[in-house]
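> What follows is each chain in one-letter form.
There are 2 protein chains.
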Amino acid sequence: MSLIEPDFKASNSYSRQDTMSIIFYDLASTSPGYSMSTNTWRVRYCLNYKGLPFTTEWVEFPEIVPLYERLGVTPTLKKPDGSPLCTVPMIYDPTTNKYISDSVVIAEYLDTQYPQTPSVFPNNTTGLIQAFSEATRAYMPPVRDFLIWTIFVKLNPPSAVYFRNQREPSLGKRMEDLVLDNQIAAIMDDFKGVLGKLDALYSKNRGKGPYIMGDVLSWADILVASLLMCFRVSAGEDSQRWKEITSWHGRRWAILMESLKKYE
Amino acid sequence: MSLIEPDFKASNSYSRQDTMSIIFYDLASTSPGYSMSTNTWRVRYCLNYKGLPFTTEWVEFPEIVPLYERLGVTPTLKKPDGSPLCTVPMIYDPTTNKYISDSVVIAEYLDTQYPQTPSVFPNNTTGLIQAFSEATRAYMPPVRDFLIWTIFVKLNPPSAVYFRNQREPSLGKRMEDLVLDNQIAAIMDDFKGVLGKLDALYSKNRGKGPYIMGDVLSWADILVASLLMCFRVSAGEDSQRWKEITSWHGRRWAILMESLKKYE
Numbered sequence: 001m002s003l004i005e006p007d008f009k010a011s012n013s014y015s016r017q018d019t020m021s022i023i024f025y026d027l028a029s030t031s032p033g034y035s036m037s038t039n040t041w042r043v044r045y046c047l048n049y050k051g052l053p054f055t056t057e058w059v060e061f062p063e064i065v066p067l068y069e070r071l072g073v074t075p076t077l078k079k080p081d082g083s084p085l086c087t088v089p090m091i092y093d094p095t096t097n098k099y100i101s102d103s104v105v106i107a108e109y110l111d112t113q114y115p116q117t118p119s120v121f122p123n124n125t126t127g128l129i130q131a132f133s134e135a136t137r138a139y140m141p142p143v144r145d146f147l148i149w150t151i152f153v154k155l156n157p158p159s160a161v162y163f164r165n166q167r168e169p170s171l172g173k174r175m176e177d178l179v180l181d182n183q184i185a186a187i188m189d190d191f192k193g194v195l196g197k198l199d200a201l202y203s204k205n206r207g208k209g210p211y212i213m214g215d216v217l218s219w220a221d222i223l224v225a226s227l228l229m230c231f232r233v234s235a236g237e238d239s240q241r242w243k244e245i246t247s248w249h250g251r252r253w254a255i256l257m258e259s260l261k262k263y264e
Numbered sequence: 001m002s003l004i005e006p007d008f009k010a011s012n013s014y015s016r017q018d019t020m021s022i023i024f025y026d027l028a029s030t031s032p033g034y035s036m037s038t039n040t041w042r043v044r045y046c047l048n049y050k051g052l053p054f055t056t057e058w059v060e061f062p063e064i065v066p067l068y069e070r071l072g073v074t075p076t077l078k079k080p081d082g083s084p085l086c087t088v089p090m091i092y093d094p095t096t097n098k099y100i101s102d103s104v105v106i107a108e109y110l111d112t113q114y115p116q117t118p119s120v121f122p123n124n125t126t127g128l129i130q131a132f133s134e135a136t137r138a139y140m141p142p143v144r145d146f147l148i149w150t151i152f153v154k155l156n157p158p159s160a161v162y163f164r165n166q167r168e169p170s171l172g173k174r175m176e177d178l179v180l181d182n183q184i185a186a187i188m189d190d191f192k193g194v195l196g197k198l199d200a201l202y203s204k205n206r207g208k209g210p211y212i213m214g215d216v217l218s219w220a221d222i223l224v225a226s227l228l229m230c231f232r233v234s235a236g237e238d239s240q241r242w243k244e245i246t247s248w249h250g251r252r253w254a255i256l257m258e259s260l261k262k263y264e
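Each protein sequence line maps, in turn, to chains A and B. Residues in the first sequence are numbered consecutively from 1, following the working numbering. Residues in the second sequence are numbered consecutively from 1, following the working numbering.
Don't take every hint at face value.
Unchecked claim - Capping the alpha-carbon separation at 20 Å, the derived lysine to aspartate or glutamate pairs in EDC-like fashion look like this:
(1) K204/A to D238/B
(2) K204/B to E134/A
(3) K154/B to D238/B
(4) K197/A to E168/B
(5) K208/A to E258/A
(6) K208/B to D145/A
(7) K204/A to D102/B
In case anyone wonders, no lab produced these hints; they're calculated from the structure. Just so it is clear, the structure is predicted and the values come from calculations on it, not from any experiment.
Use the sequences and the hints to build the structure in full.
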């Protein structure tokens, strides 16, 4: 278990005096301070957007089950066989003495528990955003291997071994064979196609802002940005690959990530 | 072509003096005044919700292509081979001298053209509702045959012949064999399962109203109500089957349909 480090960015000024610092369990990577989990990025964006004070506890994949056991936490999620599924993100909220896991459950909890903070489901859009999550998950199969490889190459050794053992049997190939050099151009085309479907949804906002609801940030944007973030961290913000991605669709993804930068 | 009949319900009072009556082309059924098209119901709900004056021109399936030809209209939609696809709903707006087809295109046109009327995409939710449409379309395969049969049994003879010839080759069976008496219970279970997935999205509104956004009607609700309407018209509002459907999920669908009744 790594050291707990303070993360709170004071841009939003939610009554810090009255709120005890939340502990946020995030997945470590080889880039200190930057996770390689789309799911934990969602919660980090959410906490920062709400201006809630928190500290991050960085964990590696094989540390997650022992962490739950040590804390005596029952996870929200279950495996297909019904047994508990221990995951990050998880938060501990000392104000309510609760542990909560599963990114969307955490987001809904924070909206309910801290109604004075900006909602990530504005105007009662929780159901619509759940549908957005389902619809866009169906876009993802063409980039599944690319995403897994993108994550793998940035994991610390303990997590890399764990991730490899967990994923390779169902993938039917080694991590190193997921994205071969001579496939990169085709894979980037597939990724552009996936983001093109997202662009078709975003373009419905009639150019009224960087977000799918125009100038109002929502959990839908956080889902998209968290996906993009893993590609950005893995490739590097100054890399040719990231520059290519952010050039697509009228620079929509560059503008989205820039709009969310203050909540990273 | 049937007679044009006035439909405008004066519940909403959008400046009727300044707006010429829109012509709304709808699909006739054996129940006068009630369409058997989920797509046209969407537009009828939308026009009534907006309080826009309109008259209905009822058409049968084989009359649609000749109608487009007579009016010289280029349809919005295309067949897979790229040739034009002539459909109802279509509207003619004499204020702008435009013909518009495809239900969601009509809805977006009416929102843009008549911004003083209530929007069916409130708070810039057009992209999220497009995602809702995609996600919920993926729920439908288990009830596809039931819906086709539900529509078929209420069509007038010219439309019934056309619909049979159009659909039976890809279905691989006769309309009469889609829903056999001894399958009804299992088919209703499938339908309940599909509506259960919709219920999971609606229940995210935290009980704040009959609509997916709580007390604010949107195109998402109109999509659901238009589907339900075909089942209601086909079975009959006093039928045991409709009573069973409206008893499901805490009477959610009864309450939704009741809330929308004034816009039928």
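> Could you run down the list of hints and mark each one as holding or not?
Status of each hint after checking the structure:
| no. | hint | in the structure |
| --- | --- | --- |
| 1 | K204/A to D238/B | violated (40 Å) |
| 2 | K204/B to E134/A | holds (14 Å) |
| 3 | K154/B to D238/B | holds (16 Å) |
| 4 | K197/A to E168/B | violated (32 Å) |
| 5 | K208/A to E258/A | holds (16 Å) |
| 6 | K208/B to D145/A | violated (41 Å) |
| 7 | K204/A to D102/B | holds (16 Å) |
Hint compliance for this structure: hints 1, 4, 6 are not met, and every other hint is.
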